[in-house]
Amino acid sequence: MGFSELVDTKPKTAYMLANEAVARALLEADVKVAAFYPGSPTSEILDTMGAFAPSFDDLVVEVAANEKVAFETAAGASFAGVRSFTSMKSVGLNVASDAFYSIGYTGVRGGMVLLIADDPHAHSSQSEQDGRFFAFPAHVPMLEPATAQEAHDMVAYAYELSERYGMVVMIRTTTRVNHQSSLVSVGQVKRSPRSRHPWKDVRAPYFTLSATARKLKGERLASLALMQRDAAECPFTTVSEGEGDIGIITSGVSYLYTIESLQTLGISPSVLKLGMTHPLPTATIAAFLQGKRTVVVVEELMPYLEREVRSIAQETAPHVHILGKMSGDFPYVGEYSIPVVVQGLSSALGIDGAPPYEAHRVKVEALKEGIPHRSPIFCPGCPHRATLWSVYMALKGTDYVLNNDIGCYSMYLMEPYNSSDSLLCMGASLGVSSGMQHVLSDQVVAFVGDSTFFHAALPGLVNAVHNNHNLLLVIFNNSVTAMTGQQPNPGSDFGPLPVTRLNIEQVVRGIGVEHVYPVDTFDPKGNIPIIKEALAHTGVRVVISNGPCALYNDRLRRKAGTPIVPNAVDHGVCDAIYACVRKVHCPAIQLDEATKKSVIQADLCNGCNVCAKMCPVGAINPRGGDGA
Amino acid sequence: MKDAYNIILSGVGGQGLMLLSSVFGEVCAKTGTHIVTGEQHGLSQRSGSISVHLRIGADALSPLIAYGEADLAIAMEATEALRYLEYLREGAPIVMSSRVIHPPLETAALVDAGAADHDYFALADIMERLRGVTTSIVALDALALAEKAGTARAENVVLLGAACGVKGFPLKADDAREAVERIVPPKTVEANRAAFDMGFDACCAAFEE
Ligand SMILES: Cc1ncc(C[n+]2csc(CCOP(=O)(O)OP(=O)(O)O)c2C)c(N)n1
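Protein chains in written order, with this note's numbering: chain A, -4 to 623; chain B, 3 to 211.
Just to be clear, a hint being listed does not mean it is correct.
As the list claims (entries may be wrong) - Computed spacing ranges between beta-carbons, pair by pair:
id, chain 1, residue 1, chain 2, residue 2, range
1, A, L344, B, T33, 21 to 27 Å
2, A, A46, B, D119, 52 to 58 Å
3, B, D119, A, A117, 38 to 44 Å
4, A, P313, B, T33, 28 to 34 Å
5, A, Q501, B, D119, 36 to 42 Å
6, A, S235, B, F209, 41 to 47 Å
7, A, L551, B, K189, 36 to 42 Å
8, B, T136, A, S122, 50 to 56 Å
9, B, D203, A, A46, 36 to 42 Å
10, B, C206, A, G239, 24 to 30 Å
What the hints assert, rightly or not - With a straight-line Cα cutoff of 25 Å, these simulated BS3-like cross-link-like pairs (lysine-lysine) come out:
id, chain 1, residue 1, chain 2, residue 2
11, A, K7, B, K174
12, A, K7, B, K169
13, B, K4, B, K32
14, B, K150, B, K189
15, A, K185, A, K5
16, B, K4, B, K174
17, A, K554, B, K189
18, B, K4, B, K169
19, A, K391, A, K527
20, A, K608, A, K527
21, B, K32, A, K5
22, A, K608, A, K592
Bear in mind the hints are in silico, worked out from the structure with no lab data behind them.
Glycine is no exception: its CB is placed at the ideal position from the N, C-alpha and C atoms.
Extracted from the complex, chain A is given alone in its bound form (with noise of 0.2 Å):
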């Protein structure tokens, strides 16, 4: 939905992206502090919400320096007594994980929601982790909508909740819910002025220590046990009664794919919804198993309902059949669509009348035969090929190890560079070098980007310092959070509200490290002897390459009315040596089918000049080489 419409505060239905419904329930609530790290699948709530920070004098954005921070963030404001908010997709959890298992000792004063979104399938992330398991050990409850509409009307559900038990509460969504759209009905906005008060009107302690978390921990396994009526009565659980003695439990986006799947195999079964996936509502559970032969449990990722229903089953109703991924009826790995729980329902219950849907799409793959991928590469004109190359070109001839990191750099990991050893998670590469720089004979290379630096490689970088290591650490400064859609970082100028732009140099420098290296990206073959020259020493060295991400620059030369002058190859100069093509991969550049001379398409082509410094017969230039 266009942003003016979002924001107008009236109540209205409209065609929205889930995290959008997401960010306008935020507003309806009365949320007055938010703070995030970007992350796919739940980006876009943050942007939202950042756009709308201008407009609503008392509501505060933030993008935190990570997940933790974002989360301490919502922790503060909440414990002072507003509601807060902070949205990380499944592996932010694991950065933030410190203060959610002990926020679930103390508690919150207003309102606080958590939304983590997983992953299934891996598209975006390095894990097809399932989130759900993070719930239970810390006494949390958790709530999981199962379309854009839901994902709305929950948040204000999750406040109730949150504020009537004093708990943070989760929100659970996967891909498929968060980069859904469709038509929401969205409520009034209603905001109430933010003004300071004195933390006496709201004290409380928020501390949890020896026998203290042991009180604590009692108290909030009690109000779990009380919720088991909100569990039975959530109304985003629903039962729908069917024919026969076969039923189904599932919960979120598994939801829609089974009814469709049940209308296409023309079975009618009961079903069980589940809105609240902790705690689970048992009685309501036990009540379905009643009666029924066999219980298929739809859900993706690891089996979380699956075996907590059979536990259920095992007191209430033990000839239950109980199926699901456990019985080898579903797979465990990748995300689940029609033809997935159509294949699943039809082995569990034994039934045939499945649509020829693997006939199709194995006749489709063969038709595909040696089509080209199209794989993820840098963008035209961004900053990541020329610094990959230079690093490259000044490794050449050494023996090294290059532990890579996460953010666009990381395709360095995929064709056509095949470039990387080592990419754990954000900020690893630092700790990953310190090992192997005890052990390893050759140069030890770690790459981050500036957002990671920020985020998780800092305590490396102290590290490593402070314990004398040998590496060279490239960092990639980019002004943004590329990948995850060009958000600020704390190396940008600009944020949802003012902020203060940190130098990573300067920052570097205070660390302790004495050979520091700014480059200047765009000048690829001027930096390899800089490179050079940094591979010579021994000790901590830093390269900081520094030039703006190309979508984001795109966006600041619109803003300011420059005009993207594209290039052109001159065909009398060009001597088909392909320098263009082999160094630079980038995707303006092909060939002319007739010559077979590289061409560049102008609606593509960012004018990064980088692909000109590469040929060696200056073919190419704005113009096309006609004498310019």
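Please build the complex by placing chain B with the ligand on the supplied structure of chain A, with the hints as guidance.
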């Protein structure tokens, strides 16, 4: 009969697929028609392969189309029409751009193999394979038409106009055109309207043949 019209949209990152998705949404919001999409956000690089599953009708619940159940494919780039072909129903129409954007890895492989005596995976080859599932194909030089209309960026709107010429398409052409006019930057309304009409006319002409 299930009330669901399924469209698989595909293209290359940067071609404006999301604008098309919003046009569908705008029209459905106006007419109160149920719509759900499964979109690809996330890796934000330009130039990757992208798709949007778009489903219209009261029975369309799931954000993903099942294999072989798309009633229409709209492809902003020819290779991408083939890449998502498993979603298309046998015999269902494809509205596509004839533009082929060769991925850099394909070009690099071509150069390594010897560009003089090797060729790209070409449009003719793509069309031949598409015909393994359907012969109802409208392929337009959408980029050229958009440029003629006044802006290369209206490549997507040319194809939307063309889709409106497909029999059984769930949006009225006038509603779609009007939504485009509302959504695009004010300075480009004229060019986008022209692009829309060129696509629409080209599609109608192609079906008459
Ligand atoms: C703990 C965690 N939080 C968030 C993400 C999502 N994420 C993937 S790439 C990325 C961007 C990193 O930015 P930067 O290091 O500056 O690299 P750039 O993409 O700008 O090249 C983020 C935030 C993640 N993978 N893990």
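Results of checking the hints against the structure:
1. A:L344 with B:T33: 21 to 27 Å: Hint violated: Cβ distance 38 Å, outside 21 to 27 Å.
2. A:A46 with B:D119: 52 to 58 Å: Because 53 Å falls inside the window, the suggested range holds.
3. B:D119 with A:A117: 38 to 44 Å: 40 Å, holds
4. A:P313 with B:T33: 28 to 34 Å: Because 52 Å falls outside the window, the suggested range is violated.
5. A:Q501 with B:D119: 36 to 42 Å: Given about 56 Å between the Cβ atoms, the range is violated.
6. A:S235 with B:F209: 41 to 47 Å: Since S235 (chain A) and F209 (chain B) have Cβ atoms about 43 Å apart, the given range 41 to 47 Å holds.
7. A:L551 with B:K189: 36 to 42 Å: 20 Å, violated
8. B:T136 with A:S122: 50 to 56 Å: 38 Å, violated
9. B:D203 with A:A46: 36 to 42 Å: 38 Å, holds
10. B:C206 with A:G239: 24 to 30 Å: Given range 24 to 30 Å: violated, Cβ gap about 50 Å.
11. A:K7 with B:K174: Measuring from Cα to Cα gives roughly 23 Å; hence the hint holds.
12. A:K7 with B:K169: 32 Å, violated
13. B:K4 with B:K32: Given pair K4 (chain B), K32 (chain B) holds - Cα atoms ~22 Å apart, limit 25 Å.
14. B:K150 with B:K189: Within the cut-off at roughly 16 Å; holds.
15. A:K185 with A:K5: 9 Å, holds
16. B:K4 with B:K174: Given pair K4 (chain B), K174 (chain B) holds - Cα atoms ~20 Å apart, limit 25 Å.
17. A:K554 with B:K189: Distance of about 15 Å is within 25 Å: holds.
18. B:K4 with B:K169: 18 Å, holds
19. A:K391 with A:K527: 10 Å, holds
20. A:K608 with A:K527: OK: K608 (chain A) and K527 (chain A) at ~20 Å, within 25 Å.
21. B:K32 with A:K5: 17 Å, holds
22. A:K608 with A:K592: 17 Å, holds
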